[in-house]
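Model the full assembly from the supplied sequences, consistent with the hints where possible.
Quick note, the sequences are listed as chains A and B, same order. In case it helps, the numbering used here puts the first sequence at residues 5 to 332. In case it helps, the numbering used here puts the second sequence at residues 5 to 332.
In short, the hints are calculated from the structure, not lab data. Don't take every hint at face value.
Identical copies look the same in the list; a pair holds intra-copy or inter-copy alike.
Said to hold, decoys possible - Straight-line C-alpha distance at most 20 angstroms; calculated SDA-like pairs for lysine to any residue: (1) K247 to G109; (2) K247 to P31; (3) K245 to E130.
There are 2 protein chains.
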Amino acid sequence: MSVPSPVLARFEEQLGRWLSRFGGDSPVYEMVAYHFDLAGAGQRGKRLRPQLCLLVAEAEGARVEAAFDAAVAVELLHNFSLIHDDIEDNDRLRHGRATVWARYGVGHGINAGDALCSMAYLALLENAARLPEERVIVMSRLLHEAQLQMCAGQALDMAFETAPAVDPGAYLQMIEGKTAALFRATARMGAVAAGAAVERVDAYGEMARRYGLAFQIQDDLLGIWGRSEETGKPSLADLRKRKWTYPVVWGIAAGAGAVEALYRTGAGLDQGQAEQARLTLERAGAREAAQAALDRYLGEAEAIARECGLDRDGAVRTFLAQGGRRSA
Amino acid sequence: MSVPSPVLARFEEQLGRWLSRFGGDSPVYEMVAYHFDLAGAGQRGKRLRPQLCLLVAEAEGARVEAAFDAAVAVELLHNFSLIHDDIEDNDRLRHGRATVWARYGVGHGINAGDALCSMAYLALLENAARLPEERVIVMSRLLHEAQLQMCAGQALDMAFETAPAVDPGAYLQMIEGKTAALFRATARMGAVAAGAAVERVDAYGEMARRYGLAFQIQDDLLGIWGRSEETGKPSLADLRKRKWTYPVVWGIAAGAGAVEALYRTGAGLDQGQAEQARLTLERAGAREAAQAALDRYLGEAEAIARECGLDRDGAVRTFLAQGGRRSA
Numbered sequence: 005m006s007v008p009s010p011v012l013a014r015f016e017e018q019l020g021r022w023l024s025r026f027g028g029d030s031p032v033y034e035m036v037a038y039h040f041d042l043a044g045a046g047q048r049g050k051r052l053r054p055q056l057c058l059l060v061a062e063a064e065g066a067r068v069e070a071a072f073d074a075a076v077a078v079e080l081l082h083n084f085s086l087i088h089d090d091i092e093d094n095d096r097l098r099h100g101r102a103t104v105w106a107r108y109g110v111g112h113g114i115n116a117g118d119a120l121c122s123m124a125y126l127a128l129l130e131n132a133a134r135l136p137e138e139r140v141i142v143m144s145r146l147l148h149e150a151q152l153q154m155c156a157g158q159a160l161d162m163a164f165e166t167a168p169a170v171d172p173g174a175y176l177q178m179i180e181g182k183t184a185a186l187f188r189a190t191a192r193m194g195a196v197a198a199g200a201a202v203e204r205v206d207a208y209g210e211m212a213r214r215y216g217l218a219f220q221i222q223d224d225l226l227g228i229w230g231r232s233e234e235t236g237k238p239s240l241a242d243l244r245k246r247k248w249t250y251p252v253v254w255g256i257a258a259g260a261g262a263v264e265a266l267y268r269t270g271a272g273l274d275q276g277q278a279e280q281a282r283l284t285l286e287r288a289g290a291r292e293a294a295q296a297a298l299d300r301y302l303g304e305a306e307a308i309a310r311e312c313g314l315d316r317d318g319a320v321r322t323f324l325a326q327g328g329r330r331s332a
Numbered sequence: 005m006s007v008p009s010p011v012l013a014r015f016e017e018q019l020g021r022w023l024s025r026f027g028g029d030s031p032v033y034e035m036v037a038y039h040f041d042l043a044g045a046g047q048r049g050k051r052l053r054p055q056l057c058l059l060v061a062e063a064e065g066a067r068v069e070a071a072f073d074a075a076v077a078v079e080l081l082h083n084f085s086l087i088h089d090d091i092e093d094n095d096r097l098r099h100g101r102a103t104v105w106a107r108y109g110v111g112h113g114i115n116a117g118d119a120l121c122s123m124a125y126l127a128l129l130e131n132a133a134r135l136p137e138e139r140v141i142v143m144s145r146l147l148h149e150a151q152l153q154m155c156a157g158q159a160l161d162m163a164f165e166t167a168p169a170v171d172p173g174a175y176l177q178m179i180e181g182k183t184a185a186l187f188r189a190t191a192r193m194g195a196v197a198a199g200a201a202v203e204r205v206d207a208y209g210e211m212a213r214r215y216g217l218a219f220q221i222q223d224d225l226l227g228i229w230g231r232s233e234e235t236g237k238p239s240l241a242d243l244r245k246r247k248w249t250y251p252v253v254w255g256i257a258a259g260a261g262a263v264e265a266l267y268r269t270g271a272g273l274d275q276g277q278a279e280q281a282r283l284t285l286e287r288a289g290a291r292e293a294a295q296a297a298l299d300r301y302l303g304e305a306e307a308i309a310r311e312c313g314l315d316r317d318g319a320v321r322t323f324l325a326q327g328g329r330r331s332a
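Structure, rendered in C-alpha cells:
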C-alpha cells in the first residue's frame with residue numbers, strides 16, 4: 005500500500021503548477037526546471053518525503069489538501085539539497101541525466117539550488133491562506149531546522165572524506181542530520197498541517213526519524229551488496245569511492261583490519277581492493293550488523309506507533325517500510 | 005546621522021548572541037563563525053541592511069526591539085549570499101581574510117552558506133514570540149522572495165561573464181535582483197515589524213529600492229574611478245575583470261566602440277587596456293551618465309518619501325544617502 009496513485013498524480017500536478025509560477029528573464033528558472041525535468045520521460049525521484057507528509061496528515065484526520073503545500077515544500081527542499089550535494093560530492097549524473105552543475109557550471113548550480121530553496125519556503129507560506137497562521141509558523145520553523153541539521157550532517161560527511169577513521173557515534177550523528185532530520189520534519193509537518201497535538205506531532209517525528217535511519221542503512225547495504233541493476237550505480241561504488249557507510253564503520257569496529265588499512269590510505273579503492281574489502285566486511289559480520297540495526301530502527305518505529313496510537317490503519321508504516329527497503 | 009552607535013552595538017550583540025546559539029559537533033558551525041569573525045579585530049561589514057531595517061521600524065513608531073530579529077535575519081541572509089557569491093565569483097579574499105570556500109573548500113563553502121541561510125530565517129521566526137503571527141509570515145515571505153530575486157539577478161550577472169554584449173535593460177534587471185531586492189525587502193520588513201499599513205510598507209520598499217540601485221551604481225563608479233585606498237580593491241579592478249557595470253553598459257551604448265571591442269573578446273583586460281577603457285568611457289560621458297542615474301534614483305527616493313510622508317525626521321534617508329555613497 006502506498007499513497008493511492010491518484011494522490012501521487014495530484015501531487016505531481018501541484019508540484020508542476022507551483023514550479024510553473026516562477027519564470028522570467030533570468031536563466032535561473034530554466035535551470036530549476038531542467039533539474040525537475042517534469043516534461044521529460046526519464047526516471048523521477050520517488051517522492052518519498054511528500055507522500056510521507058500527505059499520509060501522516062491523512063492519518064491524523066485531515067484531507068490531503070491541507071498538506072499539499074507542505075508536501076511540495078518538502079520535496080523542493082529535498083531537491084535543493086540534492087542540487088548542492090551533487091556539487092559537493094562531485095556527482096555528474098542523476099537519474100541518468102547531467103546534474104545541474106555538470107550542465108551549467110558550479111556557480112549556476114549553487115545559485116539554482118539557492119533559488120529552489122526559496123521556492124520551497126514560499127510554497128510552505130502559501131498555506132497561510134488555508135491553515136491557521138501559527139501552524140504555518142511551526143511548519144516553517146521545522147523545515148528550517150531540518151535544513152540546518154542537514155547541513156550539519158553534510159559537513160560531517162564531507163569531513164569524513166579525508167578522515168583516517170570514523171567512529172560509530174560520528175557516523176550516526178552524520179546520518180541523523182543528513183537523512184533522518186528531513187524525514188522527521190516531514191512527518192511532523194504532516195501532523196501539524198492536520199492540527200494534531202504537540203505530543204502526536206513529535207511522536208510522528210520520532211517514528212519517521214527511525215525510518216530515515218533505516219532508509220540510510222539500507223542504502224548503505226545496497227552500496228556494497230546491491231546489484232547494479234537494482235541500485236542504478238556501479239557495483240561496489242561506495243567502497244571504490246572510500247565512502248564511510250554503516251557496514252564499513254561497524255566492520256572496522258568489529259576488527260576488519262584489512263578494510264581499516266585500505267581506508268587509512270585516504271585513496272579510493274580499485275575493483276580488486278573493493279571486492280576484498282567486501283569479503284572482509286562480510287567475515288567481520290558487518291552485513292548482519294547493518295541489517296540488525298536496520299531492523300532495530302524499524303522495530304522502534306513500530307513500537308512508537310503502537311504506544312502512541314499513531315497511524316491507526318498502518319498506511320504510513322506500510323508505505324515507509326517499502327520505501328525504506330529500496331535504494332534512494 | 006546614522007543609527008546612534010549604541011543601537012549598532014546592541015545589534016552586534018544580538019547578532020553575536022544569535023550565532024552563539026548554534027553549535028555542536030559538526031564543523032559547519034565553526035565555518036559560519038569563521039565567516040563572521042565576531043571575535044576578530046578585522047574590518048566588518050557595514051551592517052547597512054540591518055540598520056536600514058531598524059531605522060524604518062523606528063520611523064514608523066516602533067521601538068527598535070520590535071525589529072531586532074528581522075535585522076539579524078536580513079544581515080544573515082546577506083552574508084549567506086556573500087559566502088555563495090564568493091564561490092561563484094571565484095573571490096578568495098573578503099575584508100582581507102580568506103573567504104569560507106578558500107579556507108575550507110568549495111563543498112564546505114556551499115554547505116556553510118546553506119546553514120547560514122536557515123539560521124537567518126530561524127532568527128526571523130523568533131519574532132513569533134514578540135509580534136503578531138501574520139506579521140511574521142509577511143516578513144518571511146518578503147525575505148524569501150528577495151532571496152529568489154537575488155538568485156535571478158546573480159544568474160544574470162554570471163551569464164554576463166561570457167556574454168559578448170549586455171544591454172542597459174538587462175543590466176538594470178540584474179541589479180534590481182542582485183542589489184535592490186534585498187534593500188526593498190529590508191525596508192518593508194522594518195515597516196511590517198512596526199505594524200505599518202500595507203501602502204506605507206510598500207512605499208518604504210520603493211524608496212529603499214531606489215537607494216539599492218543608487219548604491220550599486222556608486223559601487224560601479226568606484227570600481228572604475230575609485231582610488232584603491234577608498235575601495236580596498238586594486239584600481240580598475242572591475243575593468244580588468246571585464247565586469248559589466250553601469251558605466252560600461254552605458255558607455256558602449258553611447259558609442260565607446262573601443263571598450264565594446266575589448267569586452268567582445270571575452271578576456272580580461274590588462275592594465276594598459278583598462279586605463280584606455282577608462283579614458284574612452286570618460287570621453288563617451290559614461291561617468292556623468294552613471295552619476296546622473298545615481299542622482300535620479302536618490303531624487304526619486306526623496307520624492308517617494310515626501311509624497312507618502314515617510315521617514316518624517318529624515319533619519320532613514322540621511323543614513324542611506326551616506327551608505328549609498330560609499331563602497332560595499
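Q | Those earlier numbered hints the structure runs against, lowest number first | A | The structure conflicts with hint 3 only, although it agrees with all the remaining ones.
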